[in-house]
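Q: The primary structure of each chain is shown beneath.
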Amino acid sequence: MTMMSEADQRIDGPSAHGDVLVEVRNLQMYFPVTAGIIFQRAVAQIKAVDDVSFFVRKGETLGLVGESGCGKTTTGRCILQLYKPTGGQVRFEGEELTSMSTRQMRVMRRKMQVIFQDPYSSLNPRMTAGNIIGEPLIVHGLVNSKEEYRDRVSELLQNVGLNPYMADRFPHEFSGGQRQRIGVARALSVDPSFIVCDEPVSALDVSIQAQIVNLLEDLQEQFDLTYLFIAHDLSVVRHISDRVAVMYLGHIVEIADRNEIYANPLHPYTRALLSAVPIPDPVIDAQRERILLSGEVPSPLNPPSGCVFHPRCPIAIDSCQQVTPDLREVEPDHWAACIQAPGYGPY
Amino acid sequence: MATLLEVKDLRTHFFTFEGVVKAVDGVSYEVEEGETLGLVGESGCGKSVSALSLMRLIPDPPGKIVSGELLFEGEDVLKIDMDDMRRIRGAKMSMVFQEPMTSLNPVLTLDRQLSETLQLHRGMSREEARNESIDLLARVGIPDAERRVKQYPHQFSGGMRQRVMIAMALSCNPRLIIADEPTTALDVTIQAQILELMKSLTTEFGVSLIVITHNLGVVARYADRMNIMYAGKIIERGASSEVYSNPRHPYTVGLLKSVPRLDLPRRAKLDPIEGQPPDLINLPQGCAFRDRCRWAVDKCATEEPPLMLVNEGHWSACWRSDELGPSALEFLIDPDMVEGPTNGNGVADPESDDEN
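Protein sequences, first through last, are from chains A and B. The opening residue of the first sequence carries number 0 in numbering that gives the first Met the number 0; numbering runs sequentially from there. The opening residue of the second sequence carries number 0 in numbering that gives the first Met the number 0; numbering runs sequentially from there.
Among the clues, some could well be false.
[As the list claims (entries may be wrong)] Here are the simulated lysine to aspartate or glutamate pairs, DMTMM-like style, with alpha carbons at most 20 angstroms apart:
{"no.": "1", "chain 1": "B", "residue 1": "LYS91", "chain 2": "B", "residue 2": "ASP24"}
{"no.": "2", "chain 1": "B", "residue 1": "LYS198", "chain 2": "A", "residue 2": "GLU288"}
{"no.": "3", "chain 1": "B", "residue 1": "LYS91", "chain 2": "B", "residue 2": "GLU115"}
{"no.": "4", "chain 1": "B", "residue 1": "LYS268", "chain 2": "A", "residue 2": "ASP232"}
{"no.": "5", "chain 1": "A", "residue 1": "LYS57", "chain 2": "A", "residue 2": "ASP190"}
{"no.": "6", "chain 1": "A", "residue 1": "LYS83", "chain 2": "A", "residue 2": "GLU94"}
{"no.": "7", "chain 1": "B", "residue 1": "LYS268", "chain 2": "A", "residue 2": "ASP223"}
{"no.": "8", "chain 1": "B", "residue 1": "LYS198", "chain 2": "A", "residue 2": "ASP284"}
{"no.": "9", "chain 1": "B", "residue 1": "LYS268", "chain 2": "A", "residue 2": "ASP217"}
{"no.": "10", "chain 1": "B", "residue 1": "LYS198", "chain 2": "B", "residue 2": "GLU31"}
{"no.": "11", "chain 1": "B", "residue 1": "LYS268", "chain 2": "A", "residue 2": "ASP241"}
{"no.": "12", "chain 1": "B", "residue 1": "LYS198", "chain 2": "B", "residue 2": "GLU32"}
{"no.": "13", "chain 1": "A", "residue 1": "LYS110", "chain 2": "A", "residue 2": "GLU220"}
{"no.": "14", "chain 1": "B", "residue 1": "LYS7", "chain 2": "B", "residue 2": "GLU32"}
{"no.": "15", "chain 1": "B", "residue 1": "LYS21", "chain 2": "B", "residue 2": "ASP8"}
{"no.": "16", "chain 1": "B", "residue 1": "LYS268", "chain 2": "A", "residue 2": "GLU154"}
{"no.": "17", "chain 1": "B", "residue 1": "LYS78", "chain 2": "B", "residue 2": "GLU98"}
{"no.": "18", "chain 1": "B", "residue 1": "LYS268", "chain 2": "A", "residue 2": "GLU220"}
{"no.": "19", "chain 1": "A", "residue 1": "LYS110", "chain 2": "A", "residue 2": "ASP232"}
{"no.": "20", "chain 1": "B", "residue 1": "LYS7", "chain 2": "B", "residue 2": "GLU72"}
{"no.": "21", "chain 1": "A", "residue 1": "LYS83", "chain 2": "A", "residue 2": "GLU59"}
{"no.": "22", "chain 1": "A", "residue 1": "LYS145", "chain 2": "A", "residue 2": "GLU134"}
{"no.": "23", "chain 1": "A", "residue 1": "LYS145", "chain 2": "A", "residue 2": "ASP217"}
{"no.": "24", "chain 1": "A", "residue 1": "LYS83", "chain 2": "A", "residue 2": "GLU95"}
{"no.": "25", "chain 1": "B", "residue 1": "LYS21", "chain 2": "B", "residue 2": "GLU302"}
{"no.": "26", "chain 1": "B", "residue 1": "LYS21", "chain 2": "B", "residue 2": "ASP59"}
{"no.": "27", "chain 1": "B", "residue 1": "LYS268", "chain 2": "A", "residue 2": "ASP256"}
[To be verified] To be clear about the criterion: a stretch of chain B counts as covered by chain A if any three or more of its residues have a C-beta under 8 angstroms from a C-beta of chain A, and this derived list gives those stretches:
{"no.": "28", "stretch": "92-100"}
{"no.": "29", "stretch": "186-196"}
{"no.": "30", "stretch": "215-223"}
{"no.": "31", "stretch": "246-255"}
{"no.": "32", "stretch": "260-267"}
The hints are simulated quantities; they were obtained by calculation from the structure and are not laboratory data. Source: prediction; values computed, not measured. Where a beta carbon is used, it is the ideal one built from N, C-alpha and C, also for glycine.
Please put together the full structure from these sequences, using the hints given.
A: Written as C-alpha cells, this is what we have:
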C-alpha cells in the first residue's frame, strides 16, 4: 500500500501462493481506427483494454463483470491469444503466451478453451452436433480410431446432459439451452484446464440459465476446471464465482472475494452496478436504495482524463479528473482503484 | 379506476407447413387506466404475439387472430376496419420494441421519424412537428435535443435509442403503451434508467403500460399487476405483491427460484426448471407444464386446469395451487433434498427433446 504500487508488486503478492494458473500483467489492447481508402492510416486508437492485471488461481472461477464495451470480452480473447495484445503479458502455467509462435500456441490451445455467448451463431449450422464436438479431437489428434472418436463424442454428450443419439442432429434441431450444452461439450473435448466462459447464459431464458450454470459448476468439480466467467449479470456472477473483478472502460476498478465485494463494495461503480440489479420481490426491491448513474459509458476512443469513471461518479472530487488511480490492495485480498476508497492511501 | 382495455379469450394461431402453432390460445385480461401490467414468460410463450395482436400487427398469412374480443375503450378493435385501426395505432395505443437498433429507420433523421406520427395523427405542420419533436426528446432526457433531433439513429447509443422509442410512443399522448422487452438489450445501469423514466412518464401522463419481459426481476418494482404466461396461456395472474410473495403456480415458483438473488445468501446450487418449453404445435393433453413440474399428479395429464380464483384478485391455473404459496418459495439449501434430476447434468428428458 505504498506509492510505488507497481504492477509487479501488485501481482507478486498473491501469486506467491504458487497456485496461479493464468496471470495477466499490464495487458493492453488498442484497436486502430483507420481512415483512407487505399492507404489505410491509423487516425486514432480505441483503448479497449488498458493496463489490466489480474490472476486466476487453479480451480477457481473468476467473474469478470462490466457493461457492454468495457473490454471484458476483449480481455478474455487476449488471454486466449485470439487477439494479439498491444502490450503486456499473459502467462499460462508460468509460460508466456504473447511471444509464442502459432505452432506453439496450437499446443497451448488444448489447455485453454472458450464458450461463446450466442449459442445460435457459435455453432456451424452445416455440421452435426457430433462433428462440432468431435472436430477438436481430430485437429489435435486425440483419437486413433473411428470407434474411439464415436465413444468420446457420446461420452462428451452425456457429460453435458445430452443423449448420445443426438450426435447426428444439426444445430437448428436443438433449443437454445441444448445448443449451449453443445458449445460446452466442444470446449470440454480437448480436456482443457482453463475455460473462458464469455457470457454463456445471457442469451438464454431465465429458466434455462440456471440449468447451464449448474452444469458448468458440476463440470468444474468433475474435471477440475478453472473458469474466467465473463458476464454482465451480477447475481449470476455472485453465484458462480469465487472472486469477482469489475471492469469499466478498459480498466479493472475492483477485485475481491465474492462475498467481500457484494458485502463491502468499495468502488462507486461497483456500488452502482449492484444497486441496479433488480430483485424479484416488489417489497424488498422498493426498499433498496438505487444509485442511478447519470449519462452513458464514454467512448473508449476518447476516454476521460484521470479516473475514467469520474464523469458519472456520484462522489467524484476535483482530484479525480487528474489522478489515474491504479488498482491497490486496500484490504487483504480486496483491490480497488478509487482514490476515495478507505485505505487507498496517498495518491 | 376504469377499465381501458379488456382482452377476452384471445386466440392467435399461426398456420405453418408443420401444423397450427397456437401462439396465443385463450388469453383474457384487463388493463385498468393508469396501471402498469407485467406480462412475463419465456421465449416462445406467446407474450409478444399477444401484444402484437392488440395492435393488430400479426403478419397474415401465416398468422391469424382466430377468435376473441379486444375491447379498447369499450370498442372491439378486432371488428373495426384497417383504416380506423390505423387511426388508433400510434395515436391511442403505441408500442416500444425490444431492439432499439432495428426499430428505428436508419436512413431518416429522428426529426423525420418523430414528426411523421405527429403530422399524421395530430395534424401538425412540419414546423410545429419539429418543435414538438425537440420537446419530446428533451422530456425523455436526451441532452442537447435541438441539435440531436437532426441526427440519425446510428449516432445514438442503445440506451439513447430506447429513449427515442419512448419519445415516439408518447408523442400522440396515447392511452396505452405496450413495451415489448424494453430493457432486455440494454446494460443493467441503463436498464434502471429506462425503467425509471417509463414509470415516471406513465405516472405523469396517466398512461397505462404493459411491460413484456422474461425476467421477473425487471418488473417487480414497477408493475401493479402481473400476468404469467406459459405455452400460449396465462397460468397465473394477480397483484404483483401477491404473485411474488405468494406464488400459486409451479411455473411461477420455478421462475422465482431459478434466479440467483443478490439480497439472499448464496445458495450452493441453483434450482432450475428442468426440461424445455413444449412445442406449441403438439401441445400435450392436460396441463402444458406438467412434464417440467415437480408437483404434477395424474390429473394433470388428463385434465387441463382452468384459471381458478385462489385468493382475492389472484388466479392460478394449477390443480394443486392450494399446496403452493410462500412455503414453496423457501430456498433449498441442500441440493439432495430436491426430487428428480436437479443438476444440469441430468440427461435430458427424451420426451421433451423429441419435440424439437
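Q: For every hint, state whether the structure bears it out.
A: Cross-check of the supplied hints:
no. : hint                 : result
1   : B/LYS91 to B/ASP24   : violated, 26 angstroms
2   : B/LYS198 to A/GLU288 : holds, 17 angstroms
3   : B/LYS91 to B/GLU115  : holds, 15 angstroms
4   : B/LYS268 to A/ASP232 : holds, 17 angstroms
5   : A/LYS57 to A/ASP190  : holds, 15 angstroms
6   : A/LYS83 to A/GLU94   : holds, 16 angstroms
7   : B/LYS268 to A/ASP223 : holds, 18 angstroms
8   : B/LYS198 to A/ASP284 : holds, 15 angstroms
9   : B/LYS268 to A/ASP217 : holds, 10 angstroms
10  : B/LYS198 to B/GLU31  : holds, 15 angstroms
11  : B/LYS268 to A/ASP241 : holds, 14 angstroms
12  : B/LYS198 to B/GLU32  : holds, 14 angstroms
13  : A/LYS110 to A/GLU220 : holds, 17 angstroms
14  : B/LYS7 to B/GLU32    : holds, 17 angstroms
15  : B/LYS21 to B/ASP8    : holds, 13 angstroms
16  : B/LYS268 to A/GLU154 : violated, 24 angstroms
17  : B/LYS78 to B/GLU98   : violated, 30 angstroms
18  : B/LYS268 to A/GLU220 : holds, 13 angstroms
19  : A/LYS110 to A/ASP232 : violated, 27 angstroms
20  : B/LYS7 to B/GLU72    : holds, 14 angstroms
21  : A/LYS83 to A/GLU59   : violated, 25 angstroms
22  : A/LYS145 to A/GLU134 : holds, 13 angstroms
23  : A/LYS145 to A/ASP217 : violated, 29 angstroms
24  : A/LYS83 to A/GLU95   : holds, 13 angstroms
25  : B/LYS21 to B/GLU302  : holds, 18 angstroms
26  : B/LYS21 to B/ASP59   : holds, 14 angstroms
27  : B/LYS268 to A/ASP256 : holds, 19 angstroms
28  : 92-100               : violated (count 0)
29  : 186-196              : holds (count 8)
30  : 215-223              : holds (count 6)
31  : 246-255              : holds (count 3)
32  : 260-267              : holds (count 5)
Hint compliance for this structure: hints 1, 16, 17, 19, 21, 23, 28 are not met, and every other hint is.
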